[in-house]
Each structure stands twice: as C-alpha cells, then as structure tokens.
Amino acid sequence: QNFDAFQVADIRVEGLQRIAPGTVFTYLPVERGDQIDRRKTAEAIRALFRTGFFSDVRLERQGDILVVVVTERPAINTITLTGNKDIQTEDLLNGLRGIGLSEGETFNPLNLDRVTQELLRQYNNRGKYNVSIVPTVSNLDRNRVDISIVIAEGKASRIRDINIVGNETFGEDVLRRNWESGTSNWLSWYRRDDQYSREKLSGDLEKLTNFYLDRGYVDFNVESTQVAISPDKRDIFVTANVAEGPVYTVSSVKVSGETILPQEELERLIILKEGDTFSRGLVELTSDAIIATLGNVGYAFAQVNPVPEIDRDNRTIGLNFFVDPGPRVQVRRIEFSGNTTTADEVLRREMRQFEGSWFSQAAIDRSKIRLQRLGFFDTVDVETPPVPGQPDMVDVKITVKERNSGQFTFGLGYQQSYGLITTLQLVQNNFVGTGNRFALSLQHNSYSEQFALSFTDPYFTDDGISLGFSIAHSDFDYSDRDANLANFNNAVSSAEFFSLIPLTETDAISVSLGIDRNQITTDDFNTPPMLIDYLVDSLGDRARYPQYHVDNDGNPQTDPSNDDDDPSTTDPLTLGPYRKWNINAWRLQLGWQRDSRNDFLMPTRGLYHRIGAEIVLPGSDLEYYRINYNFEHYWLIRSWLGLRTAAEIGYGDSYGDTRKQQCRVYDELGELTTEFENCGLPFFRNYYVGGPNSVRGFEANSIGPIYTFGDSYQQALGGSFKTAGSFELYFPTLFDNRGTRLSAFFDWGNVYRGPDVWEAKTLRLSAGISLTWQSPMGPIAISYAAPLQYERHDQIERLQFTFGGSF
Amino acid sequence: CATIKGWFSSDKKKALEPAELVEIANPIRVDAAWSRNLGDGRARQGLRQRAAIDGERVFVSNDEGRVLALDLATGRTLWDSAAVEVTRSGSRLSFWKKGIRDGGLSGGPGLGNGMVVAGGRNGEVVALDADTGAERWRTRVTSEVLASPLVTAGGLIVVRSGDGRVFGLNGHDGSRKWVFDRGLPNLSVRGNGAPIEGGGLVYLGYDDGSIVALRALDGALAWEQLIAPPEGRNDLERLADVDGEMQLGLNELYAVSYHGMMMALASDSGRPLWNRDIGSYGGLTLLSDRLLVADPDGNVWALDRNSGAALWKQDALARRWLTTPAVQGDYVVVGDIEGYLHWLRLSDGTLAGRRRIERAPILGTPQVSASGVLVAVTAEGELIAFPQPQ
Amino acid sequence: CATIKGWFDRQDSEPTETLPVEAMYSEAKSAMNSHNYERSGRYFQRLVARFPYGPYSEQSQLELAYVLYKQGRQEEATSAVNRFIRTYPTHRHIDYAYYLKALINFDRNGSNILRLLRQDMSSRDLAGPTQAMNDFADVIRRYPNSRYAPDARQRMIFLRNLLARHEFNVGAYYLRREAFVAAANRGKYILQAYPQSAHEGDALALMERAYRGLGEEQLAADTRRVLELNYPEHPALNDAGWPEKGFFDRLDFLNRLNPFD
Amino acid sequence: CGIVYRQPVFQGTLLDKEYVDQLKVGMTRQQVFSLIGSPSVADPFHQSRWDYVQTARRRTGDTEIKNLTLYFEGDALARWEGEYFPEADSELAAEMRRFGNLARDKDKPRQPRPAGN
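Chains as they are written, first to last, in my numbering: chain S, 1 to 807; chain R, 1001 to 1390; chain P, 2001 to 2261; chain D, 3001 to 3117.
Derived from the structure by calculation, the hints contain no laboratory data.
Glycine is no exception: its CB is placed at the ideal position from the N, C-alpha and C atoms.
Treat the hints with care, as some may be off.
Said to hold, decoys possible - Covered stretches of chain S, as calculated for chain P (at least 3 residues, CB under 8 angstroms):
| # | region |
| --- | --- |
| 1 | 21-31 |
| 2 | 71-83 |
| 3 | 331-338 |
| 4 | 344-358 |
All chains, please: the whole structure from these sequences, using the hints.
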C-alpha cells in the first residue's frame, strides 16, 4: 500500500465480478501516464469506496503498473419482513428502498444498522416503544445475500394519565379539549389518541400556550414537562407544569410605519380596542387583515409586526402595528400543472389575476375558489414564488389534482322508488378537458323510459355567459303501483335553449326558452276522476279509443253481447277506457341566483339563493306559471362540525283563458264538492314531495293530497304549493377523503292545493342520518330516517338509497 | 404456520404471563383483622399508594382528596379531614371522553412531630395535626408531589416535587427555607423515591440513577454518587431511576436502581462500599443482618448486609411485578400484580402462606406497625390489615 | 404446515426460480417480442435478482426498463433505467439508455383518450415534455454521433414547437381578453426561450397586435416590419381578425372529436 | 348591455407620484428600477426604451390606457414622457375587498421576502 510516487504506465483491476472494468475506470481519478503519489492513492481509494460497490479497495504497484484490487459487495437477492402488523410490508420496503436497500442493489452492511434505526423510529412514532427488530443476513452463492428482518411489535404503550399542574383559572377538561394526545377511552382503538408521540405532545403544549395567550395571559409559560413510563413499559404518564401569570388588558392601539393607505383606513381593521383583554389570536387576525389589504393592491411581501409595550405593574399592553409594505409587486407568468386532461384555457379563464398586472391577493384567492367550484379538481394549491433576479416580480404557480368529474354508468342502477333502472348514462362536466358539460342518458325503469341529451358551454363568451341546449323525451306510465302517483300516462318530449348571464362575481340571471309537448293518456276506470274532469273542463272532452283485439270470428272484438260468430258481418267496436290529450306549451324560464358556496361537491361555507319563474307563454294549450325559491346556507360551527340549512318554496297557478275556465273542486279526501273554481296548476305539473332527494323517510312523491281508490291503492296527486326544507349537521373531517360525508338531518315538507290550506301541523317531519360518497361511478347516497310527524295513511320508507345519480 | 399458532397465545406471549401459583405444603393461617375501601384508588395515576403507621394509628388518603386517621386494631375512623379538593369534570357534549379528574392526593402521607403532611397532584403540601386532623398550614410547590414528604427530627419538611426540585419547608408555617434543583432525563420510570434523613443529611434517589445528599440546614449539596450509569441507544434502554425506598444503616446507605444495580455507600461521603447487579423499581428493606429486595423479574433476594452476597433467592413468584418486601415477625411479605399477598419465611425464603385481597394489583409497599400488624393497600383503594400470623 | 404455506405463494415451484439464466433470458425475450410485456417484465426482474452479474444481467436490466416503459409504468421504468446508467456507465448501449429515459418522459401522459380524440396536447400539463426536452438534449450532448441522436433531434424540434405553441395559445387568449401586456410578454418569451421555433412568426404577430392594442404605434410598426422581413406570408399581415377564430371555428373541437376523418 | 358582468382587467404596475417625481436625467437603469420598479413592457427590439404601460378595464366603458415611456442613452436616463394613473390605492383596496380574501392557511409559512429590497 505505501509506495512512493511513480509514473503509472498501465492500470489493471483485479477481483471484479459483477462490475465492468470500464465502470472502475470512469470513477477512478487516475489516468494512464499520471504521476501517482500517496495523496492521489488515498483520493482514489476514497472515490472507489464512494461508489458503494466495493467492501474493500487496495492499490498495489507491480513495476510501473498500478494494480487496483477490489472485493465487490454482494448483491441483495431477496428481502423478507416478518411479524409486522402495524405497518404494511410495502411501506416498510419503500422506506428501505429510500435508504438504498432493495432487491438487486448492492448490499452495504452500514445500511443494515441504519435500517434498524429507521424501522425503530417509525415504530416509536406510533408509540410502540418496546418493539424488537432483528435483521439477519444469509450469504448465498455468486456473491449474493438474502436479508430477513424479524419484527416483534409488542404492545403499544398507552397514555394512562395527563396531569396539568398550576392551572388555576381553567379546568383540565377545557384545556385539553382538542388535544391530539388523550388518555385511553373507548374510541382510542380508532382514533389512536392514547398513543404517545413526542411530536403530538409538543403540538398540544403549543395549543395550551395559544389557549392562554388568546385570553390575555401574556406571561403564561409551560415551565417543564415530565414523561414517565410504568415499570412494565405499558403505560405512559405525562405531567405539564405551567405558570398562568396575570391577565393583561390592551392599553393603546395604533398603526405606524409606511402604511400606503390612509392611517385610519388600516386602524379600522384593528379588532382589539382599548380596554379589551389582550388576545394573541386577535392580534394575529388583525395583522393578517392588514397584510391582506396591502396584498390586495400589489404589496405581496407586506409584513406587519405587532410591537407590544408591556407595562407589568398595572398589567396593560400597548400594541403598535408596525407596517413594512415591501416592494409593489407585479405578476410575470401564471403557470398551471397537474392538468393532464383539463385544457389550460379552462383554468386560465377562471383566473381573476392577470399576467403583466399588479399582484392582488384577493384576485388570487377568488381564483382559487372559482377553480374549486368547477368540480373538476380534488385539490387546488396556489404558490406565488418570487422571480429570481427580479425582486419586484412573482410567478403564480397553480397545481391541481384532477378528479373524474363525470359519470359513465352503463348497466344497472337501482332507486328505491323507481325500481330497477337499466341505464346508459354519460355525464361529463369537463368533456374531454374542454370545460364543456355534455350529458347523454338513456334510462328505463319500472314505469318510465327517458332519453335526454344536453350540452352546455359555460364560457360561450369570454366574460362567462354560458349557452346550452337540451332535447329530451320521456314516457311515464304512472299506472305502475311503485310510483305512488295518480294513474295516468304522460309522454313528454321537449327541447330547450338556456343561458346563464353573470351580473357580479356571485350573482347571475338565467334565461331559457323551450317547447314541450305532453301527451296524457287517462284510464276512465283507474285515473282519479278529478284529473279527467280537469282535462275535460280545461281542454274539452276527448273520445275514448276503440279497443282492438280479435274475437273467435276473426273480426275486431265486439262487445261480447253482440259478437255473432259470423265473419262476414262487421260488429260494432267496444270502446276502451283510454282517452288521450295533447298539450303543447312554449315555456320561458327567468331566474336570479346568488351562489357564494366555496366548493362544487362538498361545500363547507357559502350561501345559495335562487328565485325562478317558469311561464308557459300565451297561445299554448294551457297557460300556467310556476314560481320557485331555493335557499341553501353552509357554515362551519367547529372545524369538525358543519351545518347546512336548506329550504324550497314553490307555487304555481294558471292564468289567462285556462284560469277563466271553471273546474270542479274536490276536497282533501277526493270527494267531489259541488262548487266550481278557476282551474289552478295543471296536475301533471304539480309539485311532489317525499323520497330520497326530498323529505327522507317517506316514499317518493307520496306526501300531500291523495286519492284513494277502492280498498288500499292510493295515488298521490301532488299540489300547486310546495314548502320543504332540511337542517343537516355534517362532519367534514371524519373521513380523510373529501368525497365522503356523514350527516345527521332533520327534513320537513309538504305540498298543498294552495297557500290558503297550508298548516304547520300537516307538515311531514323526519330525522335520521345519511352517508354520501362520490364514487368514481357517480354519487351514492344511503339514508336512514324515522318520520316524526306524519299521517296514518302516509307510506313510510325508512331506509333509502340512490345510486348512479338522479338525472 | 406461525400465524395459526399465534391465534392461541403463542409461547412468546406465555413468556410474559405471571407465573402460576404452586400449592403450598402446610400454609400458615393468615386472616384479615379488618378492611376499608378508599374510593377508586390510584391505579389510573400509576402511583404506589401506601399507608403510614404511627403507633396505634394508621394514616391514609382517599380518592376525594381527604386524609383519614384509623385505629390500627379495629379500622374505625378516628378523624377524617379534607386536604385538597378534586374537580371531576367531563363536558356532557364529548360523551366519549371519560370525566377528567383534576387534583387529588398522591402517595402516602409523611408523619412526624405530631403532624401528618400530605402531598397533592397539583403541587399542594398540606400539614394536619396528627391528633385532631385540623389543618396547620398549607403551601404549594412547582409540580405534583408523588413521594411522601419527609418530616425530619429537626422539624424541617422535605418535599420532592415531580419536576426534579426538592423543597425544604419550615415545619411551623410551611414557608420555604431552601430549594434544590436538578435536571431530569426526558423519559423516567413513574414515581419518585421518598427522601430519608440521617446525620443532618437528607438523601434522595434521582431519575438519572444517582443518589444526592443535601445538608438539612440549607439544602447545599453534600455529595452525589452515580449508582447505575444510564447507557443504551434510546431513552427506553437508558432508564436508571432510583425510585424505591433507600435504607440507612449505622453509617452506610443502601440504594437500588431500576437499571440493575444495587449499591451500599458510606453515608457521610458517598464512597461506594459494595455493589451487586440486582435492579428493582421498588426499594430495599434493611434488617439487622440482611437486605431484602424484589427484582423486576419477580425474584425475591435476601443479601448479606456487609458484602451483598446472596443468602437466599426465591423465584417461584416470577413475573408477578412484586412490591418492596416488608417484614412481619419472622416472615417476609410481598404484594403482586394479581392482588395476592405472599408470606415467605425470613430464614430461607420458602413460601409460607398467601392471601388474595382483591383482583387489583398491589403497588404500594405493605407497612408493618411496631405491634406487628401489617397494613396493605391495593391500586383500587382496598385497605386491609393482617395481624401477626402464628 | 409447509403445505398450507405452499398454497398461498407457489414461490418455489414457479419456473422463474429454477430456470438457468439462458432459458430465463430467451423466455423473457420471446414474451417481449409477442408484446406480452407483463410476463416478460416478471422474467427479467427475477433474472436480474437471481443472476446479478454476467452479460445477460446487464442486457436484462436495460430490456426490463424498456418493458416497464411499454407497460406505461413510468416511475418504475425511469428508476430501472437510472439504475442501469448508474451501474454500467460505460456499457456499449449506454446511449440507448439515455434515449429511453427521454422517451419515457416524452410519452408521460400521452396514452390516454385525449390523444385518441386528437386534442391539443400543448394546452395540457407540460411537465413530461419539458423533462423530455432536457433528456433528449442530454443524449445529443453526450453521444452526438449515436444511432439515436438524429431521432432525438427530431423529437426536440417537435417538443420545442409544442412548448412554443403553448405560449402562443396563452398569448392569444390574453390578446382576446385585452390583457395586452400579458400577450406582448408571452410573445417576447417565445422569441427568447424557443428561438427558431415554428411559432416565431406568431410571436411577432402577437406582439404587434398587443402593441397596437396598447396604442404603442411606434413599437407596433417596428415589430410589423420585423415580421414582414422574416415571415412575409404570415396570415396576421393581411387578416385583421387574426388570431380570432370565427364562430364555427370555435366549435372546431367538435369536428376534431370524430377520430375517423 | 351594461348590466352583464365584465371582469375587471388591469395591466401594468401602479406608480406612486412621490417616486416618479424623483426621476432625474442621468440616472442609471438600476437607480430607476429601485425608484419605480421594473417596466411592464421592455421591447426586445428597443433596448433603449422602457414603457411603464397601465391599462384598466372596469365593468362598463372601454379600456383606459396610460403609458409613461423612459428613454435611455446607454445606461443613463435621457428623457421621459407620457402620463400614468394617479394614485387610487384606497378605491382599489375597496374594489379588491369585494373579491374577499381567504383566511391565511395556518400551517403554510408566510411568503419569505426575496433579497434586494
């Protein structure tokens, strides 16, 4: 090894098995013809060791040939892990691969020690202190090794007791309310909150400090904490010694430094006033408000430093918010990433911040909300990194994680009230990434066939005016018992153009013009008489259709009484019970809506109002209008508890000739009263309430006035005045993926013949719980509800679910 | 096929179970004189609750923060006075969280100079009159008081608080005379050693495996000796607490650390005399000629006092997490994790008798009165007294 | 209880564990040629693990990377090719390894339905193409006269045009929204970042329209002169509406939908 | 028609009169930069000219354009001409507040300020 310097004529490598000589030469810092001395040899050896391929390297001299003698490290054949229950094998293998230990890699014994430390660290983080990890290396032929790691996880040590010493003013339960570490309780098997980890505890102590600082205890301090373990290493005991100190009040509040905006404008943002008890949370909120206000007009790097002047004697604290605006910044480029399907323009058109314009934090925040409301993305992350070399420029980098924003359900769906649905349904809100909504649906269930095709371009104009059209044909045979509806058949085909015109960021008006043609077939024996009378009164009588079927003499079936078995004579036809009415209508819809909800699928905050009028234009067969008002309000009561209140009110009536028409009047139970009245809303456009998407706990469309025919078979008639709504408590953070939501709800609602007969005690009430899940195949909702206030004859249905989305 | 065997408690699990109890040839008759219930005990706080006996009176604390004086013979309550208040609270909304109990008394009370001194979990130190239970004075230290306070002959009250500090309080009014402070490792075994006094010095065992001797007068550090150096790769392996009872001989001090080291030191200078590689989380009991100790594996040892040589070793109670041994007559008594009290013959350590108090572990050391009555307390708060077995 | 263990993973009796190296290699190769990439991947993987050195294992590591790339498993393919480059820096096919690494990024999000419906990939995530650009540049820098260098140059030209088209599309959008400074800067960015790209004329036209929008007649005129000099036949010169598309052109994405015309 | 919502479009930087008045002939480009920031348009074919263009398109009416052009000889400022929007920070702040700000994301650290200013 130790030879003095010499000129290297040639280099030879010995001991190579797997590694090619060329590899050694590339990493060896010595070339032929170099002068080599002690320093160079040491450097060469170090270089070869750094490659990690060799367990031993020696340089020798034979004449003036430099001989490099190496022994290769073995390659790893297989790695087997046994005994790990808490952490999956893949996660462990990924961890090992991270530190260079995977099949096929060269095996370096040093790594093995790092492996045991790494696995130990992973287990200690989970509170498993007495885990034992034994790695064994077994040599194989051809310089290979097998590694097997035996893990004995042992029991996790659980926190048995937490004691806070020195808390005079607040009880321990108040202080430890939203701590992550807790003592074992019956939920610990799931929430693992009784597993001790140092990070969790330090996070909790910070919460404790914030709790006191937010209530004026400026001098609060956690003096020391002790963690002790029981002799059998099973239980952990945590003690935190705190000194509360006195409560401070705010003595003076002012803003100083370069405020850009007039002083009093910023001072209006200060939440704390003189005399209030000090609260660091409010100070932070004030700083954030000032920073945001300056950030909205170009000062992206504004900093606000609340300088406290503490007067310990009379326990007051003066606050001077020192503003340092930094440079006025402009945005150079806006770049999107993660949009493998969605086109760049679909994202860029939602941006309220433009390139080449001064930076505005409000515009960027608004853009983030608008991107979230598209419903195409699971997450939208916004970064504003400074541009290197340009101190007054930033880029805006937005990373999105796309979700399948549509449904492609082909095959069977099942909705309780509609029975088995065979469906071909393609709904794509982000059709081929162009941001346009395309929906095609062919649906067949026990009492209806539906075909619908609709297409909408939300940005027909650059300013966001959307334009769309839809054509649909459906054939409802209400005679089927499941539908609980009045027994008649209605074939509707319609075509419609619609558009949404934005007025402000949140308000918009909607306009749509369409034509629909209803073909109603009634059955004189089964259809409730009031429906037939309505049609006759408002549209005039219709003849009954002859009934065709062949009798034994080959002629069309005649009345059995006058069938004379003689094929040459034509016998008079019997008339079936069916009569048909065709009603054409030009429909105009006008609506105003305000939508400030912060997410498309699972909003947690925001308001939604929509008031719309649907008018069938004069000149149509029946002239009527319907006015609907929808209301939804989301807000977060706690970080883990959200409330959704919703209400819907609808009223419809006829006008013009149809209204002048006089129709017979029936009372609640379907008895004919003798008087006449103007014919209100046509029955086939009545409102219905009840079912999985309206008042849960009742069968679909079954609430409201009914007509009972014969013994039990009852038909819901719907009504022209609808009031319904719901209060829903939901838990946004219970499940980690955003698409799932568990909620407890209280639904109410009913439909009436008119507002004059509305009574609170006839409202149907129900309460229950529901689980919604955004599956890749579309939304699935399961709910269980118990009716609280209902009539004897109501049809109760406690368990309800919808699959494949309602169209 | 380890999985299938794993379903029926594989042998690895059996290794941790307490050893089965073997029949005793002709067991001595042991029956209780009386027993009392003290509320739901200290199991949740992992504290070694024990009684304090002075002559014919037994002093204990219950889970409502009250100190009781009982008559040794009959168990009748002589007086019962409130020492610290306990707030039991659990907000109705979070029904899944058990009510959180804040405050309450911790280890056994200290006795001396006609006073009973109790330590609380919120750092309270309360002195009551031993005869009437009337409160003399009350003060507060910086952290929970786990070990029983020491009442020295000279009237000084020495209190060890949980954050590693030792307070010297004036016996008359509880005012603070001196404070000694020393750091702690970031993980230690639950509980602290009670301070003991001798020759003007106060001796304390610390959680980093060392013994500290302070001058009773001013709390100055007289000497300090490391019994078991904490070594190992992580906090768990470095546990070396000296939490158990230490014993003071003529001029030697005996102590044992959790980390498997027992040592005799010269009480004036701290010079080590002899040491043995036997550890314990409990403490030692000193007799005229021998020392008794129970190690974490459940073996009971009797060692020669001067050399540390083993006289006898009883391993029938393996893995039963035994308490510090107590001596009643010529028997050695230990409590275990399943609530049994075991009587072993002092001479050769053979099993003599056993009685089960209740299905809850016995953590605190059983106390024996001058008149030979043994008083033990279980972790669920059951107090029971056994007169001398014949 | 060995039998029970046997049921779950027939590890030992599997041919991949017992065949000699030559048979393993030929088996893997034939599977690859018949496009059964999953099976060939499995054989290559076990061959590399069982016979870590010798000529077969070097070749197999490279083929393994190719097979993973063909299966669309981008991350594993990239890590396999990186491991090959690190272990055999002087292998005679090392240029192919660098070329394969670039190919993997080139097709990163190519195989989905968008390609079938011929949507404009320049307006989707550009992380793959940008990385592929650097990798191909690496191939040309390291092995200028390698067999794969010409194809690498072609693909770089395609990528440069793709990235330039992205810039132009964004510039045109901002022009339509009358955000003239943004449009001008996007044009300038094309000239600086992608010289001689196919969209250089468009960039100049974009800047000219933007300056005109800003009322900067002098800048607009100078830019127009440069455009006329270099790209006399550029549509913007005579069609005032450029780059605006007519109403029906805006629906052109519809006719691009039918993959058959 | 006027009621349809037109998104406000702003371009260019906001200039403060106080700093623009401090422009002096002969200033280097770096001095001009540290006074009024970088120009919104620096045309590659006119190296000697910096244009501080500003446009603003509100809900109604068409786009207002103002441009302050600075001419350099080599690295020294020769002359400047044109006008710029007067300071209107308060109105802009009020307008922007209507967009509404999101609460600061607690665990994301606040933007570090780049060196150089």
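Status of the hints after comparison with the structure:
no.: 1; hint: 21-31; result: holds (count 4)
no.: 2; hint: 71-83; result: holds (count 3)
no.: 3; hint: 331-338; result: holds (count 5)
no.: 4; hint: 344-358; result: holds (count 8)
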